[in-house]
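> So the chains spell out like this:
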Amino acid sequence: METVLDVVVAGLLLGGIFALISIGLSLQYGVARVLNVAHGEFIMIGAFVTWVLFEAGVNPLISLMIVGPGAFIIGFILYQAMFNYIRIKAPSLDAFEGNSILAAFGLLFVIQYIALIIWGSNIHGYTYLASPIHLGTVTVATNRLVTLGFTVVISVIFYIFLALTRLGKAIRAAAQDPATAGLMGVNIKRVLAICFGFGALMAGVAGVLLSMCYPINASMGLHYTIIAIVVVVLGGMGSIVGSFIGGFILGIVGSIVTYFDPGLSMVAYYLIFIILLLVRPKGIMGK
Amino acid sequence: MDITTFTSNKRFQIWGISLLVVLAALATLPQWVGSYYVVLLTFILMYILITVSWTIFSGPTGYMSLASAAFFGVGVYTSAILFPMTGAVLPLPLIIVIAGIISFILGLLVGALTLRLKGIYFAIFTFGLVLLIQRFLLWFEMNITATRGRFVATLDNNYIYYVMLVIFVATLLTAYFIRRSRFGLALQSIGENEEAAAHIGINVTLVKVIIFAISAVFMGAAGAIMASKLIYIDPYIAFNPLLSFMPVLMAIFGGLGQFYGPIIGAAVFAYLQEFLKTEFPFAYMFTFGLVLVMVMVFMPSGLVGMIQRLLASLKEGPQEKSTPSWTLIFSFLFGILGGLVSWFIFRERRGARVHLKVGGVVTIIVIAFYLILLLLAYLGELRSGYFGI
Numbered sequence: 239m240e241t242v243l244d245v246v247v248a249g250l251l252l253g254g255i256f257a258l259i260s261i262g263l264s265l266q267y268g269v270a271r272v273l274n275v276a277h278g279e280f281i282m283i284g285a286f287v288t289w290v291l292f293e294a295g296v297n298p299l300i301s302l303m304i305v306g307p308g309a310f311i312i313g314f315i316l317y318q319a320m321f322n323y324i325r326i327k328a329p330s331l332d333a334f335e336g337n338s339i340l341a342a343f344g345l346l347f348v349i350q351y352i353a354l355i356i357w358g359s360n361i362h363g364y365t366y367l368a369s370p371i372h373l374g375t376v377t378v379a380t381n382r383l384v385t386l387g388f389t390v391v392i393s394v395i396f397y398i399f400l401a402l403t404r405l406g407k408a409i410r411a412a413a414q415d416p417a418t419a420g421l422m423g424v425n426i427k428r429v430l431a432i433c434f435g436f437g438a439l440m441a442g443v444a445g446v447l448l449s450m451c452y453p454i455n456a457s458m459g460l461h462y463t464i465i466a467i468v469v470v471v472l473g474g475m476g477s478i479v480g481s482f483i484g485g486f487i488l489g490i491v492g493s494i495v496t497y498f499d500p501g502l503s504m505v506a507y508y509l510i511f512i513i514l515l516l517v518r519p520k521g522i523m524g525k
Numbered sequence: 032m033d034i035t036t037f038t039s040n041k042r043f044q045i046w047g048i049s050l051l052v053v054l055a056a057l058a059t060l061p062q063w064v065g066s067y068y069v070v071l072l073t074f075i076l077m078y079i080l081i082t083v084s085w086t087i088f089s090g091p092t093g094y095m096s097l098a099s100a101a102f103f104g105v106g107v108y109t110s111a112i113l114f115p116m117t118g119a120v121l122p123l124p125l126i127i128v129i130a131g132i133i134s135f136i137l138g139l140l141v142g143a144l145t146l147r148l149k150g151i152y153f154a155i156f157t158f159g160l161v162l163l164i165q166r167f168l169l170w171f172e173m174n175i176t177a178t179r180g181r182f183v184a185t186l187d188n189n190y191i192y193y194v195m196l197v198i199f200v201a202t203l204l205t206a207y208f209i210r211r212s213r214f215g216l217a218l219q220s221i222g223e224n225e226e227a228a229a230h231i232g233i234n235v236t237l238v239k240v241i242i243f244a245i246s247a248v249f250m251g252a253a254g255a256i257m258a259s260k261l262i263y264i265d266p267y268i269a270f271n272p273l274l275s276f277m278p279v280l281m282a283i284f285g286g287l288g289q290f291y292g293p294i295i296g297a298a299v300f301a302y303l304q305e306f307l308k309t310e311f312p313f314a315y316m317f318t319f320g321l322v323l324v325m326v327m328v329f330m331p332s333g334l335v336g337m338i339q340r341l342l343a344s345l346k347e348g349p350q351e352k353s354t355p356s357w358t359l360i361f362s363f364l365f366g367i368l369g370g371l372v373s374w375f376i377f378r379e380r381r382g383a384r385v386h387l388k389v390g391g392v393v394t395i396i397v398i399a400f401y402l403i404l405l406l407l408a409y410l411g412e413l414r415s416g417y418f419g420i
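In order, the protein sequence lines correspond to chains A and B. Plus 238 on top of the position in the first sequence (first one is 1) and you've got this note's numbering. Plus 31 on top of the position in the second sequence (first one is 1) and you've got this note's numbering.
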């Protein structure tokens, strides 16, 4: 019984990170229509910036406030200058999706290479809030709990933002039908860029939180990108709630499989992913 | 179909003869160039082959398959198991055929599984497949056989080259005749509108699955022969996801509209890749990524498409709409020129330290150039309203 509880708690803690990463990607794909393969690179950059700042004596929770807006600005500019250009030139939405995946793949290489030049290929890490906390029979590290807390808070704030504000409404409209939303007076180009920026922000923040719990290196991005893609498909493309739930489901599955055989966790993710694509490609919350 | 309709066609004759000349040149090549060029050419042929066989299915239908690495890897592993260091279990041609058949079966399976998937889902599924096989093999090797990787018997460079050439010719012929046959037309109509294609009596399922499997055969065969070039293989090398993206990129780089587009694209790009790898090992990945981004942003219709547009605008004068992209094309060419110039300057004094410096300089130039491009794109957008909906 206690091992079951342990596994579930570990899964929830892991799932929190997955959820945050996936909400970002879901936003980028669901609204801005860019399946950003370079998503994980933003996570990596966020993690490295936090590490550098930590070495300089900055608290990671403060670098959260630096990395988030920074990532947003980079994402915004990237969409405005690059993906928007591809979008206008593409003859159809399908063509745009295909072309933008490839462009994002190029971006992945560029960012990863820059990181390799600056920080090398070594594994880095630091300890922050690594003290254990006892919750009943389960023991968890404080930093993981902080991570989970931040994930939930950020997700809820973002959900409220989408549901209640004017910009949130514009984003939801753009997700449903960009052309019509444009006709209704939504500045579609800016809204899509803002969505992409938000996706980058989520990735950056996830990177900050990740670096507290896990060792980081310059080529870790793709791993998280793939997990995010699996979760986004699991939750339903473009569904924020779906990604949130999907992240936790995948986290729990991951921790169960890891309990039996750590080497098989990635295999399990892909299997879930492939079976899901075959049985229900729209995902659990997809329409 | 009557064969004389082909042979009496003037255009077919010209193309056929020039193709035969190229083939003869390729066949006699090892006689008069060094082994470095033979190896280089083997790689280029491999990339062209994979790109062309990718285009057989994905070109006309618009389904973006990222399973190339899976088929290639299956070929590599077949060869590694049947052709180990200790000596061949079977004769090599048979191994290549077997690799082709296994890839074909895998292609049938994937094709049958993914019938309902469209657009992005198909791309993601096929990519997931590559990673699934790779991870499973890694786990299998670690836990079941307790090995890591395998060694493959080496072969003479010229021998590998000729085998590759044979597979290459077979691929081109198959691609050409599929394109010209009823299957090709069927594929094209599927790409235009799948439901309409089904309504006019095309067995959409059958055509899609069969052609997808046929396109897999050549990738498997190429993998089987390349295994003995790689010598040491493990799941990371055999199922390298990069190889899934390469054919897509090369085909788009060349231009999907024409039959020769992907061939030209793959040839230019593969050469560029080998060149970058040897000249700038540090900047290789970076430059590769940058080229990828540039191609997607500035020439989505490919090299052939761009040349055609250039020729057209030379004939008829520049079109009104193309003004902003003209500036961009020029700055693109200017950037390439800058890179080449810096390469010539630093080429002579290449040592370990200088090499690093070269990489740095080129990187800075390219970054600066790209920043300017971004600025231009942004300014152009603000000024002319060309980018807006």
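Calculated directly from the structure, the hints in this document are not laboratory data. Don't take each hint at face value.
In silico contact screen, one side only, chain A against chain B (beta carbon under 8 Å); selected entries [what the hints assert, rightly or not]: (1) Glu-293; (2) Ala-294; (3) Val-296; (4) Ile-324; (5) Ala-328; (6) Leu-340; (7) Val-471; (8) Ile-494; (9) Phe-498; (10) Leu-502; (11) Met-504; (12) Tyr-508; (13) Ile-513.
We put the CB at the ideal spot given by N, CA and C, even for glycine.
> Does each hint hold? Answer for all of them.
Verification of the supplied hints:
Interface restraint check: Glu-293 (chain A) against chain B, minimum CB-CB distance 24 Å, threshold 8 Å, status violated. Taking 8 Å as the C-beta cut-off, the interface hint given for Ala-294 (chain A) is violated, the closest approach to chain B being about 24 Å. Annotation: interface hint on Val-296 (chain A) violated; nearest CB of chain B at approximately 26 Å, more than 8 Å. Against a cut-off of 8 Å between C-beta atoms, the interface hint on Ile-324 (chain A) holds, since the closest Cβ of chain B lies about 6 Å away.
The beta carbon of Ala-328 (chain A) comes within 7 Å of a beta carbon in chain B, closer than 8 Å, and the hint placing it at the interface holds. For Leu-340 (chain A), the shortest C-beta to C-beta distance to chain B is roughly 5 Å, which falls under 8 Å, so the interface hint holds. Of the supplied interface hints, the one on Val-471 (chain A) holds, with its beta-carbon coming within about 7 Å of a beta-carbon of chain B, less than 8 Å. A distance limit of 8 Å between C-beta atoms decides the matter here; for Ile-494 (chain A) the minimum to chain B is near 16 Å, and the interface restraint is violated.
For Phe-498 (chain A), the interface hint is violated, since its Cβ never comes within 8 Å of a Cβ in chain B; the closest pair sits about 12 Å apart. With a cut of 8 Å, the hint placing Leu-502 (chain A) at the interface with chain B holds, because the nearest CB-to-CB distance is about 6 Å. About 5 Å separates the beta-carbon of Met-504 (chain A) from the nearest beta-carbon of chain B, less than 8 Å, and the hint is met. For the restraint placing Tyr-508 (chain A) at the interface with chain B, the shortest Cβ-Cβ distance is roughly 4 Å, inside the 8 Å limit, so the hint holds.
About 10 Å separates the beta-carbon of Ile-513 (chain A) from the nearest beta-carbon of chain B, more than 8 Å, and the hint is not met.
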